[in-house]
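Here the protein sequences line up with chains A and B, keeping their order. According to the working numbering, the first sequence is numbered sequentially starting from 1. According to the working numbering, the second sequence is numbered sequentially starting from 1001.
It should be emphasised that the hints constitute simulated quantities derived from the structure, not laboratory data. You may find that some hints are simply not true.
Claimed, not checked - A partial selection of chain A residues facing chain B, derived with a Cβ cut-off under 8 Å:
(1) Val22
(2) Val63
(3) Ile64
(4) Ala66
(5) Ser67
(6) His69
(7) Ser79
(8) Met86
(9) Pro93
(10) Ala94
(11) Ala98
(12) Gly156
(13) Thr159
(14) Leu192
(15) Gly194
Predicted, not measured: the structure shown is a model, and the values here were computed from it. By construction, the Cβ of each residue, glycine as well, lies at the ideal position given by its N, Cα and C atoms.
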Amino acid sequence: MKGNHMKELTKGFFEQNPVFIVVLGLCPVLGVSTQVSNAIGMSAGVFFVLLFSNIIISLLRKVIPASIHIPAYIVVIASLVTVTEMVMHAFVPAVYSALGVYLPLIVVNCIILGRAEAFASKNTPLDSALDAIGMSIGFAMGITLIAFIRELFGSGTITLFPVGGFSGVINIPWFYDNPVRVMALAPGALLLMGYLKAFFDWKSSRKKGK
Amino acid sequence: MKKNLKYAFILLSICAVCAFALGYTNSITEPVIARQELEKKTRALEAVSNGWTIGEQESVESVPYVVYSLPLTEGDATTGYIVGLKGSGYGGELTLVASYTLDGKMLFAQMLANSETPGLGKKSELKGYMDKFVGTGATKPVPTTKDMLNSSDAAAVSGSSVTFMAVGKAIRGGSDYVKTLGGSK
């Protein structure tokens, strides 16, 4: 039983990574991954929404009839996203401002609705919460990796959050003076996503071969 | 019929609980957001005032791009205006404030609210973005397309032409408005 719970938690890290293996939620992954701080902020938003939507939908799985499950899920998810948006706007305005239009777009992020439909509606709240945590971590790893590579090569910086005297921006020598501008733009995001997807496919096919 | 009523009741119940949760969250966050917006606007007005005294805000209606204006004075003389502007960016409406001398020359500008794309149009919030417009509006035309910029400035706004155009047109609208005031106000 314990092993099953662990599997629900860890499957989203690599085996069913939502970004590189299942290829869900690519809109924010490609759009927001210009800076590492944006990726972390988006990951936090997805974590909150996915965790609570999975728990609520799992709790309501016997109450919501199959014929109205999509509108019911969308209402729950949209409400959670709006709550996230209001809380971020009030208490972390810098992150709210940086995420821009991608924050409300979490409503249509396929990971959220996909996990609600494929997992939370059929499993217990505990397993659904573990699934949400695992998938959120997998999403965070994917988007942060892409943001790290794009920002490093595209701008020569790593942007985190300002704390005290630290401005939040780390300039990386050589990369800062020789930026590959295309990496900061949409074509760079698509190119990088393609290479990383190919790499993860190669890795998983090798694992299956063994 | 009975089944449909049951479905409607379930959806209504879910919507009611969600509406209550949203209303409660809004009651907590709304005053905080309003205070932040006011502080941000006050800081922006101070930043673009050029050290002159900021007068009372007046609403402006039926003038394209212009929402409100505030006179800038030095002693008894009116030296310019701060104009609250709005434009239509890639992610929807954007708002900014800009200060002008009486002949419509832009002095400073600062972005307030916007929903532009992170990494692209969001660059309009960065320090230095508005430098492309400084000194324009009187004798020099306000740049509204990338063609009107030098190559390094054009590269800096690459990928966010819509935002740049929206900011440029709003600043030009503010300049035109200030010219009509002519310091007589």
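Hint check:
Nearest Cβ of chain B to the Cβ of A/Val22: about 24 Å, over the 8 Å cut. The hint is violated. A hinted interface residue such as A/Val63 counts as satisfied when its beta carbon comes closer than 8 Å to some beta carbon of chain B; here the least separation is about 7 Å, so the hint holds. Of the supplied interface hints, the one on A/Ile64 holds, with its beta-carbon coming within about 7 Å of a beta-carbon of chain B, less than 8 Å. About 11 Å separates the beta-carbon of A/Ala66 from the nearest beta-carbon of chain B, more than 8 Å, and the hint is not met.
Satisfaction of the interface hint for A/Ser67 is found here, the shortest Cβ-Cβ separation to chain B being roughly 7 Å, below the 8 Å cut-off. Annotation: A/His69 was flagged as interfacial toward chain B, and the flag is violated, the nearest CB pair being 10 Å apart, outside 8 Å. Contact between A/Ser79 and chain B, as hinted, is supported at the beta carbon level, the nearest pair being about 4 Å apart and thus within 8 Å. With its C-beta approaching chain B no nearer than about 4 Å, A/Met86 sits inside the 8 Å limit, and its interface hint holds.
Of the supplied interface hints, the one on A/Pro93 holds, with its beta-carbon coming within about 6 Å of a beta-carbon of chain B, less than 8 Å. Nearest Cβ of chain B to the Cβ of A/Ala94: about 10 Å, over the 8 Å cut. The hint is violated. Using the Cβ-Cβ criterion of 8 Å, the hint placing A/Ala98 at the interface with chain B is satisfied: the shortest such distance is roughly 6 Å. Because the closest C-beta pair between A/Gly156 and chain B is about 14 Å apart, greater than 8 Å, the hint is violated.
Residue-level restraint check for A/Thr159 is violated (minimum Cβ-Cβ distance to chain B is 10 Å; threshold 8 Å). With a cut of 8 Å, the hint placing A/Leu192 at the interface with chain B is violated, because the nearest CB-to-CB distance is about 14 Å. Evaluation of the A/Gly194 hint against chain B yields a violated restraint, the C-beta minimum of about 19 Å exceeding 8 Å.
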